[in-house]
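Student: Spelled out from the first residue to the last, the chains are:
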Amino acid sequence: MEPTAVDPIRYEMYFHRLWAIGEEGRMTLQRVTASPIVAQGGECMSSFYDAKGVMVLACSGHLRFAAATSQAIKNMMEYFQESPGFYDGDQFFFNDPYVAGSHTYDMMVIKPIFHGGELIAWTATSTHTADTGGVLRGGALEVFHEGICISGLKIVEKGEFREDVFRTLTGMCRDPQYVGLDMKAMIAGNNVCADRYLGLVEKFGADFVEAAGRRMIEDSEAKARAKLRSLPDGTWVSREYVTTLDRKSRKAVAQQLYCTMTKKGDELEFDLEGTSPQTDTDHNSTFPSTAAHITLALTNALFWDVPWSDGKMRPVTLKVPEGSILNCTFPAACGAAPRVGNVLVSTICECVSKMLYAAGRADDVNASTTGNLAYAGGPGYFYGGHTRDGIRVAQGLYDIHGAGMGGAPLRDGVNTGGHMNIPSAGISDIERIEMQYPFLYFTRGHNPDGSGFGKYRGGLGSYRLYWIYGSQDCSVDYKPYGGVAQGGYGLCGGYPTGKSVLRYMVDAGMELLDRVKDGEYPDGAGMRDGTWGRVVHPDGVPERVALPEGSLLIDYVAGGGGFGDPLERDPALVLRDFGRGWLTAKIGEEVYGVVLSDDGRSVDTAATQSLRERARAERKQLGAPPSGKTSALDPGQAAEYDSVLRFHASLEIARRDGQHAIRCVHCGHLYCGPEENYKNYALRRIVDLNDYMEDALPSGEPYIGEYHEYSCPGCRVQLQVDLFCPAMGGDPILWDTRIDV
Amino acid sequence: MAEAKDYIIGIDTGGTFTDVVVMSPSGEVWTAKASTTPDEFSRGVMDALTEASRVLDVDRADLLKQAVLFKHGSTVATNALITRTGVKVGFITTRGFEDTTEIMRAIGRVDGLSEEEIRHATWVTKPDPLVPRERVLGVRERIDYRGEVVVPLSRQDVMDAIRKLVDEEGCEAIAVSLLHAWANSKHEDDVRALAREADPSNKVFWSFGSELAQVAGEYARANTAIINSFLGPTVDRYLGGLQTKLEEGGLEGPFLIMQGNGGVAHRAHATPVSNLQSGPAGGAIASAYVAGLLGHPNVITADMGGTSFDVGLITEGYWRYAAEPIVERFRMLQPIIDIQSIGAGGGTIARVDEETGRLLVGPQSAGASPGPVCYDSGGEEVTVTDCDLVLGIIDPEYFLGGRKSLNKEKAEKAVEEKIAKPLGLSNVEAAAGVYDIVNSKMSDLIRQQVVRTGHLPEEFVIYAFGGAGPVHAGGFSAELGINQIYIFPTSPVFSAFGVASADVIHTRVITCQYIFPAQPEGPNERLDTIEKELGEAMTGEGFKADQVEYRRFFTMRYRRQTAGVEIPLPWDRMTDERLQELQQMFETKYEELYGVGAGYTKAGIEISAIRVDAVGLVTKPELKPQPVEKGDGSQAVKGKRNVYFTRPERGFIETPVYDNALLKAGNEVAGPAILELPFTTIPVPPGARVTVDRYLNLVMEI
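In order, the protein sequence lines correspond to chains V and U. With our numbering applied, the first sequence corresponds to residues 1 to 741, in that order. With our numbering applied, the second sequence corresponds to residues 1 to 702, in that order.
Keep in mind that the hints were calculated from the coordinates and are not lab data. A portion of the hints provided could be inaccurate.
To be verified - Covered stretches of chain U (in silico footprint by chain V; criterion: 3 or more residues with CB under 8 Å from a CB of chain V, positions within the stretch not fixed):
| no. | stretch |
| --- | --- |
| 1 | 122 to 130 |
| 2 | 149 to 155 |
| 3 | 425 to 438 |
| 4 | 442 to 455 |
| 5 | 596 to 608 |
Think of the CB as a built atom: it goes at the ideal place given N, C-alpha and C, for glycine as much as any other residue.
With the rest of the complex left out, here is chain U:
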């Protein structure tokens, strides 16, 4: 689709910065950033574009005019959900089930909380629902699990509900989710028709559960519809306003929106709820893209910032979706990239338990304010960052590229008083202990994530992100038996990079039940239907049939199990033989996951869900490799300092400090070494080394 001069622009609006990545098909990449402007997010986007045009030395209008694809991920949806600043929503559901979103399957009391929080049973409460009970109205109707109508829809109830919600309550948006609409959407379709009658000018924003998810599970589906309506007008206003600005500014090419499923879609085809988590999705795509480039089938992405440690996986080149992702304590049915989080970051607090003398690290965090002791902003609790500083890993004068100076003396004093003395350890032993413990905990979380997929950590490489990720990556990787860590100098703009390289993806997941021995006709008909729908969506996105790639997955399980195993289909349609082979594939995969003998064929086997991703591949630039130069990188040494290493032996070593900006492709730096980047620091233990690859990525081998 693209011509040689065409730019691809990716913009990611994060909490602090709005990042832009501009790529040319010949592999050139330019990056720029501007401050995020929460009062009017689109201003930050335009500012970032202005910055980018400066970097490219072109007119902003020309840059936009030459953009063949403009892709945008933003935190607007996530932010509106976190701050609960969506619009006033009404919810219409089946009569008798008006409390569903308050009951939250009871599990809503703990959804999205950590194990430590959950244990304080007398204290844990549910989040306030987005739609208060007063604005939930039931209508008479009922469809059974087979999709057959038991109680016909009462048109009168629907019209009354609309009148009450719109005229009396003043709702700007309405969500509709009826029982078993996943099996038969007739009643929701009827409500839609009535809504058009009642609201011909379409001033109310409508969402329908059956349109957003064809999966059984009324609680999460209702949440999905409600969140879509809650965010809809806000997201629409934002994107509409931005699109106008961009088009006025010269954009002629398509305006694509980043979705939580890891793909982009035209604004008209991207639902507001799919905007959620687009930032992390951008990071995952970038990782998958780089993984393809570097030939890594299995990658762990580990992002350690100030308060949390987020882990994602790429297996066989592809990211995974969470079954019922929980966003801001609400369980949903949306294909959202599965990223797990624990409270372990630079701000995580270390303390000695009074009664047992245990050295506890986390889950409490000092956050950004007051922050670690060394920030000198009133923090009194020892944090991981304080310990990194005491160990000499971080330079107090070059934290975040020198943007913040740290008070090392204060940190040392706090470590001594609060940790070292009570445990009878030296200061550095105490700090090194905290360093090791936090690394060990992170490796535990990573392992949990990996084994859930039926893999072992040794099959993976680690991509380390965030300010604290590279600081600790050597530590947690060693615990996992992983000896290759990748750190990307471009990682601060990785999300934007991912947005820029994202394909167009539309995903459908449906609940079904095909019991073995199954006939191929059933699943094939469902695949036909799904692919017809997806094909239409992709046509709307401007793709011809032969430009669309379909990825098909069956979720299989022993009968009556609740969870299932997702099997990627190597075929486009089923035959009798393939079904037999599929059963074999399932049982093999199952034993891989749960051990030999765990399978139980006699319980019966069924296909319980079908997922299809329609992928429209868009032009991606080939990253341009740099000429490789041998060398030990000594040209980049800017000084020396004492650094405490815990591997292979514990102790201080006088360590050369490298300025990463001066390293060249092909350079090999042997440990002990410290590499400083503007956003992070990499300690290279003795015996390990870092190679700068031809894309200027840093590869640490330990």
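Chain V with its partners taken away, still in its complex shape:
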């Protein structure tokens, strides 16, 4: 199809100006909002749509919203065209997660733009607002419990602010001022966007604006398709796990997210068949939420250089089984959809990263940014109750944006790099948090041993240790300890997760004040061994628990996954991390095979070398190829193959006489043809997570998964670490990469 013809120079001016207007809208929004998640966490978005609701351009902000709003507009056009109709000056409030968005907390205000009496475009502004009324976070069983849920209601009518609607909506929330300021912020953002959009129509002409909008969508599609064409064809598979509360047993239960990604030519398909059925908690994702999270995963990992319009998703097909945790059936509750979504993003990115590696795009390859064992369990971060000033809140405290980023082919992951979903995410200063919320922090630091091990380790996540101080009414959502890695992946032999601290609470009481005055200072080890009081794990895992004043809590934010075999990590980096308190000597030896001198100030080179040799030998002693043999081919011919495509740090496809084979790039070991899974011929060692983890879960429950470590039969380099949950079934030997030769 020929692209829409527009004057290239005016088009370029128009493009940049439309983006600048969206930025102006977002800046307005961020300054008017009361919400730190919006103002500092960046969870918001301004965007433009054509007359039919197709997104023309989204500006920076929370990527989830970039994908979410089109459907809301299309739906409103279907239902409200006749009654109440759309008029110049109208603005609609919307937060129905079964149409668009991820959960009811994703709120948007949508404004039709009129020119000469005709509806020519739409603009929308979105925020993640922490309160919708309903039951407090964690307790919802149906979407009806999740507060206001509006599929389009005029909050501004023909330019008149509807005080009645505003009062009704905010009046249903615990924290009407907070929600009200967010609504005002979205209205203000839309006003800026719409006024300026009309200025564009005046300057460039309505026909040009319409044609340019169409062209922007076409251009995004063209860019996306070109990007896809530059990548090898093939099929990639990933499998990740989440846990939630089983309401009958009051224990954690696992679900699996299963993704088959097929790339052919300039098309990309995601088939999520194999994903677990929906749950009877709020731990579900609607189809719109799933689509939004896949879009954001692709925006970050694959289409980062493609302008943000709906066009970039045109080459992408989604198949999501109905009634699954990724496509829940109304009226399932879905408050925790973003958490499912985070794991989904990881599941998608695992496939995409492997595809990008095979295309030689090292700068674009990252292991997971989220994923830690037992991450789900214990007290969460959705507070409820009263602030110090006596204001009733249902507020999240977003230290969660301090996640570690994934390890990369040539460097460690970025420590506390933010949140992949929001390019400019940040966490608040503790001083600012303490001015509002009834907490006193004793630590916010990098999480030792907490990120995926590898030649290049995952970026460190953060942890915090804080004490409830200054409020008699405070509660938090609570989750059972899942005991399985939640959405992490390593690449090329790196581990999906580290060995993290756990999240739990201790009844330290107000006497903590006297103890710290006397020179004691709380830390994680002391919390674990009871120095600061009894570890509280409430019976029956209630959805929410009270946090009496004096409670001491520890929790952490996920670190990134690792890249490459940890035994190949530069010992100097192990020494450095040890010196910084980011790695224990024990892990240094056990995982990295690095022995430090007694004073911890240098590497014992000889001991390191022999330990690493022993560790490699152990891979052979304790591991075995699942097929019973280490090659399907004649290993003697390895040298006769010519390299064709390197799809993995240690593996390539090579060719001899028109025959293709998978070969180790280091030692030349021949595995099998590319139409087979190399893992069948690699050394596999199965490590029970109960042996892997240092600490037992506070609830006494076991860990419920295994790490399957695959290494090369020739040189023993670690190739892949898969997580497998036997209870969930499926093929333990995941065939993750299948390149069409």
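Dock chain U against chain V, hints included.
Tutor: Same frame as chain V, but now just chain U:
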């Protein structure tokens, strides 16, 4: 303070040149320059003074002796931060928070990067912290948000930390920043006392967060203390050495240092971190000074050089500060003049996107090396300068006053192959397209800057700076609906000019919370305290109480908002009535900024910060107006050439070229015209005209 014969000397050490401006109170101005000498910056300063004495035809010693004020801005601090060549620093903080400056509020991964860079999410990393984690030590102590001590300071921890950092690690400087020291500096004061005990000879350079900023936000405050210590010894050594040289050379008057806040301060009162960004600050002061002279309340300063386009604003006669300025990717708490930058300059690359056929201009830049195609130094990508050349705006033989000759043929060939052919345009259409697109993008950035302040671009005039600024100013101004552009023949030494005319300024910003309905006593007491401190500083600067002007600002917001609106106070102290009026002022300003109906009184209103600037006005020369002579400037015409204009119609016009040096005050040059200056070129489109005002500034009206 000044007598009739006294000189004011302003020196600005930039990256390439060290500029000097000497002014006499009667309004005479002399300028001179010398090469900057990065191996020993003070040599360049002395060289520049020698040049100046030559221009004035006086002895250098006499020039210095007659200087009533010697003011100096230098890039030494900024340069040391860019090249990470400060000293070895240790950092002492509250135990449990040793990773704060590594965590960087997570936003440190993207701070200081452009939108395009940020979008490549898998690739973006954090800068290395100035203090590696090994030299960050926590001490037991804790103060809460009200300023109450929760955990007393462990003296033992402090002494251990000092010993480790100084004796074992060999740190030359230490920074201290403790949680909530903005609310109560007691523990930092205690550390200072212990430091004196441990380091009686004061051989270590100490910085304290609470001394540099009384604002909540531990990450940026810690950075501020660390940067101050990182730069401190370097800046001190430099300024100390220079002061000695100057005093030996004859200087008797005070030696004042230019600060990023737009004011000068005595060396003893100017912290090293305040030296950052003094160059751009000099430019802003000069602009504010000229704006006062010309009666412009609202000015956009637009500086377009080789790689970047920097925009600053003067509103109601005054410049603005950034809330948490980011310098070299580090977020700080310092009053630094707010200047925004995008990658758009003469070296910005234009190319046609393979997949979509879009004509993309920027953000990549060819920089100075290899530079544009026309530099003939190996550059192969078409740049904005190449297009300016193809359009005939720039003379290949008179680029930078003839200091560099350009290869026009090469530029034309590159434009044709890389842009014109793929788009099916003629060569000049393609070049004109690039010219228009870059202008349009710059106008977008300017607009963003302006609307953030609650103003509209039409209320402003533009001051255009830099080699490429005047070349493009006509274009981006028209996009903004601004029809007055000022270009200053003195602009290459504008920073030095600003330094010379700077007042002494000390600024304090504090975090507070006064919730409405508020009582006047609280804010008044804070104002008393702040002004007492500032008054003492100004006494140290040699000002009497009645010579100091206080400018007061309250930051106000609806409760629980993160951002606030800064309101200049028309009063010195508050009363009940004034508080009511203040609330009204805030709500009015708020609706101006964010639209009618955006305000939400029911959410509650609070004062969240107080800022006071103490300004000691120093003598400023009256610039001497020139006698005005009518005329069309034809005496200055030095030739003609074909120039392509995109306004009001597109096409080549045979255009007279004027030598600006020959234009006289009062001359009016009608477009189409080209005005050539030694550092830039001004295309005057048909229908527009340039007037030379009585100060020899060029005023283009379009």
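Student: Now, for every hint given, state plainly whether the structure supports it.
Tutor: We went through each hint and held it up to the structure:
no.	hint	verdict
1	122 to 130	holds (count 5)
2	149 to 155	holds (count 4)
3	425 to 438	holds (count 5)
4	442 to 455	holds (count 6)
5	596 to 608	holds (count 7)
In this structure, none of the earlier numbered hints is contradicted; all agree with it.
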